[in-house]
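Trainee: Residue numbers (our numbering), protein chains in the order written: chain P, 1096 to 1494; chain Z, 634 to 722; chain W, 23 to 367.
It is worth saying that the hints were derived from the structure and are not from the lab. Computed from a prediction, not measured in an experiment: that's the story for all the values here. Glycine included, C-beta positions come from ideal geometry on N, C-alpha and C. A hint or two may mislead.
In silico lysine-lysine, DSS-like type, Cα no more than 25 Å apart, as pairs [said to hold, decoys possible]: (1) Lys205(W) / Lys1222(P); (2) Lys1274(P) / Lys267(W); (3) Lys180(W) / Lys1274(P); (4) Lys1274(P) / Lys243(W); (5) Lys243(W) / Lys333(W); (6) Lys1228(P) / Lys111(W); (7) Lys55(W) / Lys1228(P); (8) Lys176(W) / Lys243(W); (9) Lys1329(P) / Lys176(W); (10) Lys111(W) / Lys695(Z); (11) Lys1274(P) / Lys1336(P); (12) Lys1464(P) / Lys1122(P).
To give a feel for the contact side, a few chain W residues facing chain Z, derived at Cβ under 8 Å [said to hold, decoys possible]: (13) Asn67; (14) Leu70; (15) Arg72; (16) Thr123; (17) Leu124; (18) Pro126; (19) Thr127; (20) Val130.
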Amino acid sequence: MAEIVVTGMGAISSIGLTIAENLYSLKHEISGIQKAKHFKSHYSDSLVFGEIDQSDESLLQELGLEKGLGFTRTTLIAIKAFREAITNAQLSLEDLASTRTAFISSSTVGGMCYTDDLYHDANMQGKPSEYVKNYEGSDHALQIVRLYGMKGITDVVNTACSSSANAIALGARLLETGKVDRVIAGGSDCLAKFTVNGFNSLRILSEEPCKPFDTNREGLSLGEAAAYVVLERKADVSDTKKIQAVFSGFGICNDAFHPSATSDDARGPRMAMELALKRADLKPEDIQYINAHGTGTPNNDLTESFAFSTLFKTVPPFSSTKSYVGHTLAAAGVLEAIYSILSIQNQEVYPSLRVEEPISDFPFQPTLKYTPEVAIQHVLSNSFGFGGNCTSLIFSACI
Amino acid sequence: MTTNREELIVEFKEHLIKYLNLLDLAPADIQNDVPLFGEELGLDSIDSVELIVLLDREYGIKIKNPTEGRQILVDVNTIVDYIIANRTK
Amino acid sequence: MYIKDLYAISPQKTHDGSFENGDWLILNEYIYKAIEPSYQDIIPNAQLRRMGKAVRMGIGVSLPLLERNAKPDGIIFGTANGGLEDCIKFLNQIVEYNEGTLTPTNFVQSTPNALAGQVALLSENMGYNMTHVNGSLAFESALLDASLFFDEHKEEEKSILLGAVEEISDYNYNIDRLGERFKQELISNNELLNSKTNGSYCGEGSTQFYISNNPENSLAKFTAFKQSSYLSQNEIGGFVSDFLKEQNLTISDIDCLLLGKNGDVSTDSWYQEVEQLFGEKPKVYFKKSVGEYRTVSAFASYLAVQILNGKAQHLIENGASAQPHTILIYNHFDAIRHSLILIQK
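All chains should be built: construct the whole structure from the sequences, respecting the hints.
Mentor: Now the structure itself:
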C-alpha cells in the first residue's frame, strides 16, 4: 500500500498558539492547566482547565473575520490551526479548492459551545441568536470549506475522545485508495459549559490539575485545542517539501463493554494497538515510545496500563501529554499525534507531569521527566472514547 | 415532608423509578434489603451517579464522590436510613 | 457495495413493511414523527430505560437486522445531530440548576456515537466502529467510509451495518424554525410541492442497510455517490453530468430519479435544474413521504432499493416505466450541501 506521510502540522492549545510554542512548553515541562481566564462557568473558580490563552475577540481580529457571522470558538481555533497546517505543508489556494483535496475534521461539542445562546434558541426565548444556524457538530468544518472554497470530499466524525485520531485514519485511507491526493485531517473542541458539566456529572473531573498514571489520580482536567495535519502519499511529495513523519498504521475497534468506561481486561485498547501494529507491519518491541490516552481517571489509566502489560514484554517509555493540556476531547487524538511526531523529530520524550507516586499495580512507570536523546523510530499514540471507540495510531521517522 | 419511615420508603422508591426510568417497575417490586447494584435490578455506575443526584435534589443531601456513595447506596434500607439522618429538606 | 437487507423506522409505516407494499399516510402536521414499533420485544428493558429517541430508533432498526444476518465486520453510522433531545435536556439542566448536580444519563446518551457504541455493546461487536456527523452529508460520509472498508478488504468477504438516524425534539425543531427552515402554515404532504412559501416540514427516522462485498442474493447495490458544498445553481448541471460521465453513464441510462424537493420555494429551483437535464423520467419526490431532515438521503436509498425490487411503485410520479434498473438520487440541504447517490439492481 502507498506510504502516507505528514507534510504539515498546525496546533493551538493551552501550552501554545502555534506548533513552535507547543514544542517549547513540552520541552520545558510547562503545563497549561490552571484557573480559566476566558471561560465563564460556575466551575471557573473551583476547577482548573487547559484553556487557550486567547479571547474570542482576539482570535476574530487575528484571523481577520467579522463579528456577528456565527463564528464560534470551536470554529475560530479550528481556522487558526488549519491555517498553520496548510502553510506548513505549502498548500496553495488552488490545492485547497481542488476536488482532489479532502478535509476530514472532528468535534464533540461542535457548534454547541455557547451553552447560553443554545438554551435561548432551543427554548425559543425571543429573537434568534447569532449562532442559530451554527449548532451542528460539522459547522466549524463547513465554515472552513466556505472560507477556502473547498470543493472536494469533506467529512466530520465524532467518536467522542478518539474522534480526530479517526479523522487521521480516514484521511490516510482516502489517500491509500487513491480517492484524493491530499488530506487535511484533525479536530477542534473548545471549553464549554456543556462538556464541563457533562464530565462533572460523571464525577470524573479532578479538582487539581490531572496527574495521569499517579496512584492518587482523581480524574481528568478538561482542555481545549484545535490541531490539523496534512497527509499526502510519499510518492507525490516534491523534494522541496519537508516530510514531518510517516503515518505507518492505525487500529480501530470497539470495546463493546460500557457506554462510558473501559473493560477490565482492556480488550478494546489492546485490540486497537494490535491492529495498528499489524497494519504498520511492526512488532510490539519496535515501539520506542507510547503517547498514552492517559486521561487521569482511575478507570482509564488502570485499564490502559493493563493493556500495555499484556501486549508488551517490556513496556517502552510512555507518558500522557494530557498532563500538559488536559483532555481536549475531539482534538486530543490529532494533538497527541503531533506531539508524537515532535518526539520523533527531536528524539525526546515529554513526560507525564505531576506524578508523585506512580501507579503501583504494574512493574513499570511513566516517564516522569523531560528526557532528551532517546532513539525513537516508531511511536504509538492511543485514543479511547465513550461509546467504546478505541483507536491507536503509529507514526514513524522518515528515513 | 414525609417523616414516617414506611411512607418515606415508598416515596424514595417512586423517585428511584422516576430518576432511573425503571420501566414497568412499581415501588412494591423493589425489595428493601436487596442490593441495588446486584443482579436483581442490574444497576450500574451511571445509576449510582443518578442516585446521588436524586438525593441532592429531593432531600438536599450532598454526596461528594462515588466512593463515599458506595457505602450508602447499598439497598433501600441503608439509603432511607441515611436520608432520615442527613436530609436538609 | 451490495445491499443484502434493509429496514427503516420512518414517519410512514416502514416498520411493518406496509409502506413499500402500497400504504400511504397523509401527514397533516408541522412535524412528521416516526412511527415507532413496540420496542419491548426488541430491546432489553435495562437498556431501553436509558435510551433517548435517536438511540432507541437506531437500535430498534439495528437489532432486527443483526438478528437475521451474520455478525457484520463493522458498524458505520451517519447522523447530523445524534440524540438532540437528551442533549438539550442536559443543557436545560445546566441552566436551570445553575450548573449544580446534574444527571449524567442525558449527557452520555447525547453523544452522537452513543448509537454505534450501543449497537456494538448489545451485539458484542468489537469490529470497526464509526460515527459520521457531517451535517446533511453525514449518511454520504458513512457510505464513503463503507466503500473504503470494502476497498481495503477486496480479498475476503466482508459485511457492514450501515445506517443513519435523526430525531426531532421540540428543541431542534425550535432551532430550525428560528432558522426559518420550516413552514409557518400547514398543508398536507400530498400538497407539499405545490407550496409557494419558504421552508418545509420536519421529519425523522432511522434507515439502515446490511451491506456486503458479495453480490450473492443482493437486493441492489450502491454503485457510486458524490458530494459537494457551496455549488452555485449554474454549477449543478455540470456536477450531475460529470458524475454520470465518471460512471460511464448517460442521461438515458437513468430509469428513475429520486429528488429531494421539499416545497421550499427558495431552494427547489435546484431540483428543477436537475429535472430539466433529464427531461421526462419517472420520478419520486421522497420528502413527501417523510419530510426534511439531514440524513434523509438514507431513506431515499431505502426507497430506491424497494423500487428496484418492484415495491413502492405507488410513489412513482410522471408515469411508471418498465421495471427500473438504475436509480439516481439527488438531494441538497439549504442548497449548500449537495449529494448524488447511484443505486442499481
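Trainee: For every hint, state whether the structure bears it out.
Mentor: How the hints compare with the structure:
no.	hint	verdict
1	Lys205(W) / Lys1222(P)	17 Å, holds
2	Lys1274(P) / Lys267(W)	17 Å, holds
3	Lys180(W) / Lys1274(P)	21 Å, holds
4	Lys1274(P) / Lys243(W)	20 Å, holds
5	Lys243(W) / Lys333(W)	16 Å, holds
6	Lys1228(P) / Lys111(W)	20 Å, holds
7	Lys55(W) / Lys1228(P)	22 Å, holds
8	Lys176(W) / Lys243(W)	16 Å, holds
9	Lys1329(P) / Lys176(W)	23 Å, holds
10	Lys111(W) / Lys695(Z)	22 Å, holds
11	Lys1274(P) / Lys1336(P)	22 Å, holds
12	Lys1464(P) / Lys1122(P)	10 Å, holds
13	Asn67	5 Å, holds
14	Leu70	6 Å, holds
15	Arg72	7 Å, holds
16	Thr123	4 Å, holds
17	Leu124	7 Å, holds
18	Pro126	5 Å, holds
19	Thr127	6 Å, holds
20	Val130	6 Å, holds
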